[in-house]
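Visitor: Okay, here's what each chain looks like letter by letter:
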Amino acid sequence: MSILRSQVYVWEFPVRFFHWVNALAITILFLTGMYIGHPILDTPGEAVGHFFMGRVRYWHGIFAFIFMANMLFRLYWFWAGNEYSKMRLWKKEFWRDAVTTFKYYTFMTGEHAEHVGHNALAQLMYFFFVWVGGLLIMVTGLAMRGGGDPNGIIQTLFGWVVPLLRNEYQVRNLHHFLAWGYAVFLIGHLYMVFRQDILDDDGTISSMINGYKFELSSHNKKARP
Amino acid sequence: MLRLREGDYLSKSETYYQWARRKGVSRRDFFKFCTFMGAMLGLEATEFPKIVSALQSKPRLPVIYLNLQECTCCGESFLRSSHPLVSDLIFNMISLDYMEVLQAAAGKQAEDVRLKTMKDHPGGYILVVEGSATLGNGGVYCTIGGVSSTDILKQTAEGAAAVIAYGSCATNACVQGAHPNPTEAVPIRRVIKNKPVIDVPGCPPIAEVITGTIVHYLTYGEIPELTNQGRPKAFYEHRVHDNCVRRAFFDAGQFVESFDDAGAKQGWCLYKMGCKGPTTYNACAITEWNDGVSYPIKSGHPCIGCSENNFFDNTPFYTHLAKIPNNALGKDVDQVGMDVIGVAGLAVVAHAGMTAVVKHGEKKAKEGKD
Amino acid sequence: MTTRIVVDPITRIEGHLRIEAVVDGNRITDAISAGTVFRGIEKIVENRDPRDVWAFVQRICGVCTHIHALASIRAVEDALDIRIPKNANLIRNIMTATQFVQDHVIHFYHLHGFDWIDVLSALKADPVQASALARSISDWPKSSDGYFRDVQNKVKTFVESGQLGIFANAYWGHPAYRLPPEANLVGVAHYLDALSWQKEIAKIHTIFGGKNPHPNYLVGGMASTLNMNDNDVINMERLDLVKTKIDEAQVFVDQVLIPDIFAIANFYKQDLYGGGVGNYLAYGGIPTVDIREPDSFLFPGGVVLDRNLSKVEEVNLKDPQQIQEFVPHSWYRYDDPKAGLHPWQGKTEVAYNGPLPPYSNLDENKGYSWIKTPRWKGRPVEVGPLARFVVAYAKGNQEIKGLVDDALHRLNLPVTALYSTLGRTLARALEAKFLVNHLAGFYSDLVANIKAGDSQTFNGEKWDPEKWPSQAQGVGFAEAPRGALGHWVKINQGKVSSYQAVVPTTWNASPRDASGQKGPYEASLLDTPIARQDQPLELLRTIHSFDPCLACAAH
Ligand code: HEM
Ligand code: HEM
Ligand code: NFV
Ligand code: SF4
Ligand code: SF4
Ligand code: F3S
Ligand SMILES: [Mg+2]
Chain A
11 MSILRSQVYV WEFPVRFFHW VNALAITILF LTGMYIGHPI LDTPGEAVGH FFMGRVRYWH
71 GIFAFIFMAN MLFRLYWFWA GNEYSKMRLW KKEFWRDAVT TFKYYTFMTG EHAEHVGHNA
131 LAQLMYFFFV WVGGLLIMVT GLAMRGGGDP NGIIQTLFGW VVPLLRNEYQ VRNLHHFLAW
191 GYAVFLIGHL YMVFRQDILD DDGTISSMIN GYKFELSSHN KKARP
Chain B
-13 MLRLREGDYL SKSETYYQWA RRKGVSRRDF FKFCTFMGAM LGLEATEFPK IVSALQSKPR
47 LPVIYLNLQE CTCCGESFLR SSHPLVSDLI FNMISLDYME VLQAAAGKQA EDVRLKTMKD
107 HPGGYILVVE GSATLGNGGV YCTIGGVSST DILKQTAEGA AAVIAYGSCA TNACVQGAHP
167 NPTEAVPIRR VIKNKPVIDV PGCPPIAEVI TGTIVHYLTY GEIPELTNQG RPKAFYEHRV
227 HDNCVRRAFF DAGQFVESFD DAGAKQGWCL YKMGCKGPTT YNACAITEWN DGVSYPIKSG
287 HPCIGCSENN FFDNTPFYTH LAKIPNNALG KDVDQVGMDV IGVAGLAVVA HAGMTAVVKH
347 GEKKAKEGKD
Chain C
8 MTTRIVVDPI TRIEGHLRIE AVVDGNRITD AISAGTVFRG IEKIVENRDP RDVWAFVQRI
68 CGVCTHIHAL ASIRAVEDAL DIRIPKNANL IRNIMTATQF VQDHVIHFYH LHGFDWIDVL
128 SALKADPVQA SALARSISDW PKSSDGYFRD VQNKVKTFVE SGQLGIFANA YWGHPAYRLP
188 PEANLVGVAH YLDALSWQKE IAKIHTIFGG KNPHPNYLVG GMASTLNMND NDVINMERLD
248 LVKTKIDEAQ VFVDQVLIPD IFAIANFYKQ DLYGGGVGNY LAYGGIPTVD IREPDSFLFP
308 GGVVLDRNLS KVEEVNLKDP QQIQEFVPHS WYRYDDPKAG LHPWQGKTEV AYNGPLPPYS
368 NLDENKGYSW IKTPRWKGRP VEVGPLARFV VAYAKGNQEI KGLVDDALHR LNLPVTALYS
428 TLGRTLARAL EAKFLVNHLA GFYSDLVANI KAGDSQTFNG EKWDPEKWPS QAQGVGFAEA
488 PRGALGHWVK INQGKVSSYQ AVVPTTWNAS PRDASGQKGP YEASLLDTPI ARQDQPLELL
548 RTIHSFDPCL ACAAH
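Residue numbers (our numbering), protein chains in the order written: chain A, 11 to 235; chain B, -13 to 356; chain C, 8 to 562.
There's no promise every hint is true.
Per label pair, the in silico range of CB-to-CB distance [what the hints assert, rightly or not]:
1. D52(A) to A447(C): 38 to 48 Å
2. D207(A) to P472(C): 43 to 53 Å
3. E243(B) to I72(A): 49 to 59 Å
4. E243(B) to A459(C): 36 to 46 Å
5. L363(C) to L85(A): 34 to 44 Å
6. D52(A) to A346(C): 53 to 63 Å
7. A447(C) to N229(B): 32 to 42 Å
8. K502(C) to D52(A): 28 to 38 Å
It is worth saying that the hints were derived from the structure and are not from the lab.
The C-beta atom is built at its ideal place from N, Cα and C for all residues, glycine as well.
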């Protein structure tokens, strides 16, 4: 059986750039955040010579802003990017596709909707874990940051979060909880990526590096972003 | 604007008007101030002359201090004020007409004083409330003179110029509001909805925080600027952690691991002992307690977050922030996180297994066909 | 003809107390004492970490702040068999004695003072004579003519302003006031002095406990780390501040409180009403060595029944037959409504059967109080400074007996005079004196122990719940300013499974029991005269002599 495969340029450079900056920022935020939550190393001697916790918090702050800027950029790219960069949760086709994909993943059907871009289920995962979770983690993080400068712009914009959650302890706790959301996402994400790559041999893994995916030309007309 | 600084108080016999004139405030400015006050209190323009005459003839601001469901520690803290000295405050600056703990009259005579102040100074007295309101069981959990204290609160707040919720009981129902809150204790802003309520939390608050808030009102004729949690910014804008004496040790990563250990003996950070300083907005680290002598952390005990809403349910106290278990789940955030990870991992493994089985089946079927 | 008078709120106390008294002519023939506030703290601490509970129950009361925290950590330490270091015991003692002295002074001047001192009469005083009077009884350096003139002028302008503030509508000029104008002026001046002073002695708490009111405690010792060679913890500079405040307290008690008490007692010594139940109980407290060694207590424990000083009964807080709480006239439900429950079996289950507010009278035939009815072997007993002194006196404690005998001698009164409203007030002042003396002693013990190389303040051996038995129960007790205090805890799987506090004012303000025996407040009102029914000054005086604390009583 011979299958014709053609290369499709799916992930433009900005998407790939976003993706890896995002992955790096989240990894560092997760690690530094967990350290802030559980500082395990102890430093002996006088305090003057040390600034370990301070540095960890500093890098958490730096990457928090990289993370946020990156997300903003991706928001822009939803608009500016190619067909595959969009996320259109409000479209009927999206949900129809979501149902088919769900059936496929739950083995209710062997029929496999081919996706050159994201599959709908993956998009839903991005939406909830990366976008909704990201928004919450940013808002809670900024609310905590804002407290450090009571008259600053961050406090003005995000000060309402603390009374909303009753006290800052709850804000911090929620922030910490959301961090775990990323870990859960990563497990699901990697599984789906590898699974896809192995089963369909469509170059999913390398696509996030070079931008290209393969598609079966026979399915070409059916391919959906 | 009228200003009163320390050593610049009204002398006892003076009215505000006399005092303002003595300080060089013109008659015209004085009327402007009165108009401003009236506007602030939301009064009709026709009421303004009343305010003018009130300020011309009433030298000291009447204050009614109610004790509801509480422990009177806030009242005790009030007595510890050093600047202003509480005796200066209550004998020279305000007219403390009703405060059960201090007033000489009792029983009906005491209640009469409260009613008289309410009648004589509509819209012109400050109401300070210590303690929570209670909604349970028709108000039987706290009565004064046979009346539910919650009703007394509503009645007295009606004509108050401003209401100060003094202490964590009044701002968040504090200990009696902690789970399971047997008496349905609620913050007073849950009961008073048509008035500005200034929250002055703490269990108790630092003395100067309440007297300072009152003096602010006295001086500027308006409530002080508030944080987004409704507390006077002058005292609650910073976290304890932001100005803590042990902060250098926090930043260095030097933590007390158990009480009285070698780190403790050098004053290291109490974060791991459960310190709530990082999430607690209060003046302790700056103002310090009892005229600047110390504050909990400085004396070796972690902050328990006593100015924060529901702090008695953000417990256990000696468990460090990230390890406090969720009340409903009984697990801390990382345990919950690990559980979720576990479930996700299992799901992935199961799904991968299923995939293998299904694919194997498909392959078999194909081979059968061939 | 009898009338039923209601005094509610009883002011100048902690919390919400209501007294209804039946007055026949000018004497009280029946009285009920009702606590009208309840918070449910015993229920709230259930299922909590036992190491946290001190902070919850400390909020039972902010007037006797610290003492509930102390009783609580002791209860947990008793349950888990935790021993505390010597320094921790000394620091706790310093804090306890500090609290007593501060609380007693506040009580005498600010809560009780206007029952004896007539502010309006002070306006008529001759400041020169007042000064002479003050100097004849004390070396207090402030007692100049000018000082009293200043105070008098202050009060005059205050009164003339027409805004009487806390003095408004009181019983000034009542015939039961007996002090001459000059003594009243001295009293008013010292009211103000005491107001300024009380916040100074509180700084001792701030140094060891981080704040006052509501300083911090720790199961297993104290968090107040000591290191004489470090700038960041409690070092010599901090301890010196403690010493300074102790010295100031000594001067204040010796030169202001004690002389005032004797001066006032001299004018009131014919008023020996208000004796009450005549049974006195003390658990004993302030351990100079350790709470497990009753012989080392400054206050001996015991019970004196029917004013019989020749016999002192032993108290055992763990004996289920001795201390029991009843609820026949309280708003709680027991399975057996007649039963008395030892606190380890105790229950706090609300069952309100009083009138719905607003109401004008309570019914003594039903429940009429949030306060339970504790009884010792079925008897109502009084607790407090007087009870401690009676028990110590009967036990022959030399130091306390000396103080009491000397005072009675100076006033030319028999020992039976103690069983009165005045006796209670006198005992409280003597107790302040007794403790301020010991304060300096505890301080030097602490410094000496540190000097000997011991700076430990905490024993962490059993901090970890893993090291606790799966079930345990304990009792923590203390003498509180208002009397004997006990907290009974049960711990199950590392959590509090039951918690009961029986508090001094629970004993004193308790409603009558099933057999109709009145509690100490109710009994003490029975022989209290009432000169004017609409101005029940004597009633207030008797009730205030107990130093009521209603947040404590019902918690
Ligand atoms: C994926 C993104 C992020 C992750 C995984 C993450 C994770 C964490 C974790 C685990 C903590 C410790 C909380 C605790 O002690 O319980 C923390 C603290 C914190 N995070 Fe994040 N965070 C993220 C993004 C952000 C962002 C966007 C901000 C915004 C500025 C932020 C600001 C903070 C702040 C202010 C703290 C408190 C640290 C302190 O005050 O010491 N974080 N973070
Ligand atoms: C914290 C780590 C990561 C996060 C938050 C993350 C997030 C995302 C997001 C948001 C997308 C959608 C891209 C877009 O539409 O802009 C995506 C796609 C993708 N990611 Fe990741 N990623 C992470 C790690 C990784 C890793 C480690 C790999 C490779 C082994 C990977 C491979 C891919 C691939 C192949 C896609 C395209 C999948 C598709 O066809 O839908 N990701 N990821
Ligand atoms: N009763 C009582 Fe307390 C005292 N002293 C308690 O232990 O006052 Ni608030
Ligand atoms: S806030 Fe705390 S200190 Fe103030 S009355 Fe309530 S329990 Fe007492
Ligand atoms: S002791 Fe508490 S408030 Fe102070 S630096 Fe450490 S964590 Fe922050
Ligand atoms: S416990 Fe309260 S007193 Fe200050 S340091 Fe923490 S807010
Ligand atoms: Mg009890």
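Visitor: Could you run down the list of hints and mark each one as holding or not?
Guide: Hints, one by one, checked against the model:
For D52(A) and A447(C), the hinted distance range of 38 to 48 Å is satisfied, since their beta carbons lie about 40 Å from each other. Here the CB-CB span from D207(A) to P472(C) is close to 49 Å, well matched to the stated 43 to 53 Å. Roughly 29 Å separates the CB atoms of E243(B) and I72(A), a value that falls outside the hinted 49 to 59 Å. For E243(B) and A459(C), the hinted distance range of 36 to 46 Å is not satisfied, since their beta carbons lie about 27 Å from each other.
Taking 34 to 44 Å as the suggested C-beta distance range, the pair L363(C) and L85(A) does not conform, at roughly 60 Å. Range check, D52(A) to A346(C): Cβ separation about 55 Å, and the 53 to 63 Å hint holds. With their beta carbons about 35 Å apart, A447(C) and N229(B) fall inside the hinted range of 32 to 42 Å. Between K502(C) and D52(A) the C-beta distance comes to about 31 Å, which sits within the given range of 28 to 38 Å.
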